[in-house]
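Trainee: Sequence:
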Amino acid sequence: MTEDFLHYAWRYQHFQPHHLHTTQGQALSILAVGELNRHAGPDFTNARLRIGDTLWAGNVEVHIKSSDWLAHHHEEDPAYNNVVLHVVLDDDQPVYRTNGERLPCLELRRLLDPDLCSAYYRMLNNTLWIPCQNHWHEVKELTKKLWLERLMVERLEAKTEVVGRLLEQNRGDWEEMCYQVLLRNFGLRVNMDPCEQVARSLPLKLIGRHRDNLLQIEALFFGQAGLLDVEFTDLYPRQLQQEYRFLRQKYGLEPLPAGNWKFLRMRPANFPTMRLAQFAVLLYQGSNLFSKILAARDIEELAHLFSVTLHGYWSEHYTFDKVSPRKLKHLGGNFIELLILNACIPIIFYYGVYTQDTRYCDQALLLMQELPPEENHIIDGWKKLGVVPEDAGNSQALLHLKREYCEGRRCLHCAVGNAILK
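The working numbering puts the sequence shown at residues 1 to 422.
These aren't lab readings, by the way, just hints derived from the structure by calculation.
Cβ atoms here follow ideal geometry from the backbone N, Cα and C, with glycine treated the same way.
Hints are not guaranteed to be accurate.
[Claimed, not checked] For each label pair, taking beta carbons as the anchor points, the in silico distance ranges come out as: (1) Gly164 <-> Thr233: 41 to 47 Å; (2) Lys383 <-> His311: 38 to 44 Å; (3) Glu407 <-> Pro257: 42 to 48 Å; (4) Ala158 <-> Glu300: 22 to 28 Å; (5) Val230 <-> Lys383: 26 to 32 Å; (6) Glu141 <-> Arg403: 18 to 24 Å; (7) Glu157 <-> Thr319: 52 to 58 Å; (8) Glu157 <-> Val230: 38 to 44 Å; (9) Glu141 <-> Thr23: 16 to 22 Å; (10) Gly252 <-> Gly41: 47 to 53 Å.
Could you put together the complete structure from these sequences and hints?
Mentor: Right under this line is the structure:
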């Protein structure tokens with residue numbers, strides 16, 4: 001048994017709600033269960049109860065055992081002084097208020113629906129890919145559709161946390177934040193953090209002083225990444241080294257450790273050297289990326305912003321001093337779609353929230369539904385269950401459902417899980 005289940009049982013009154021009595025024998029009527037509190041303090045706020053002849057308005061605390069009140073030191077916390085009812089599975093110890101009065105207690109052990117408990121145990125303890133996969137298709141399509149729409153927004157809100165953090169760190173400079181978010185996402189999941197560190201070490205205004213010189217922009221990125229601190233054979237990386245030595249001294253720059261970067265088990269097209277070179281060309285080709293992202297009307301216009309092709313040295317190299325077959329290397333369609341999904345759309349959505357302009361929030365959601373669904377092992381798992389996403393908004397919702405709800409067995413917080421248990 002978990003406290004989550006007791007929260008669920010109390011919130012939806014999945015027990016015999018009539019002719020209730022406290023463990024001291026007082027008649028108990030539930031007029032309002034209260035509102036679930038997801039922050040610090042009692043579990044439910046603003047409950048309304050009748051205990052004996054007295055009408056109470058206050059908070060409700062839920063525990064497995066009544067002695068958990070003392071184990072959690074609630075008797076020392078003033079936030080719990082206005083608790084009017086202690087709801088527990090087992091009342092193993094009386095609990096008293098600070099004024100010496102015994103706290104009324106409702107014991108649920110004999111009141112819970114045994115069929116509901118059994119269904120919850122089966123869902124909680126199975127080893128299926130998702131806990132409810134044997135019952136998923138029994139749930140109404142409308143219930144699942146509305147839940148996935150909510151999860152799409154929840155997923156997007158989670159992604160905007162990075163946008164908000166970087167905007168705050170850059171003191172409200174939207175262009176600087178956008179530059180950092182974009183470079184962070186050029187690193188994909190594996191090299192995301194070192195890419196962000198490089199961006200933060202090279203302010204956009206500094207890059208702007210060298211906007212007309214691609215060699216110097218590349219030197220700044222590769223140098224700050226710590227990727228020029230070796231002996232090279234090829235002329236081009238030696239030229240980058242020479243430029244970086246001068247720029248490092250001029251601006252007092254300190255490079256990152258080269259060991260921060262991951263190359264192993266990666267496709268050469270995703271090597272950090274490739275992504276940094278492509279990002280350098282992106283900045284060389286134009287400025288004001290944040291303004292352009294906001295102004296884009298559809299996926300095609302956003303994708304056009306990232307039309308980047310590497311020439312010269314990079315047409316026959318994926319990394320320094322190692323020749324590869326000659327090939328024009330450009331940002332691929334799949335990579336651009338991921339960049340739009342994970343960087344541009346969260347930026348647009350957050351701007352709408354920040355400025356309280358819902359047009360941008362709506363635009364972000366529409367853009368997600370314009371993109372094709374992602375392809376990865378989690379989406380493959382859903383497809384095996386017969387759940388095929390229609391667009392990127394749908395696939396994002398399914399990713400969020402699997403990672404944030406199914407893997408943590410948070411079925412009681414899931415609309416599908418609730419529908420099955422009911």
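Trainee: Against this structure, judge whether each hint is valid.
Mentor: Hint check:
no.	hint	in the structure
1	Gly164 <-> Thr233: 41 to 47 Å	45 Å, holds
2	Lys383 <-> His311: 38 to 44 Å	39 Å, holds
3	Glu407 <-> Pro257: 42 to 48 Å	33 Å, violated
4	Ala158 <-> Glu300: 22 to 28 Å	27 Å, holds
5	Val230 <-> Lys383: 26 to 32 Å	44 Å, violated
6	Glu141 <-> Arg403: 18 to 24 Å	23 Å, holds
7	Glu157 <-> Thr319: 52 to 58 Å	37 Å, violated
8	Glu157 <-> Val230: 38 to 44 Å	43 Å, holds
9	Glu141 <-> Thr23: 16 to 22 Å	44 Å, violated
10	Gly252 <-> Gly41: 47 to 53 Å	48 Å, holds
In summary, the structure is inconsistent with hints 3, 5, 7, 9 from the numbered list given earlier, while agreeing with the others.
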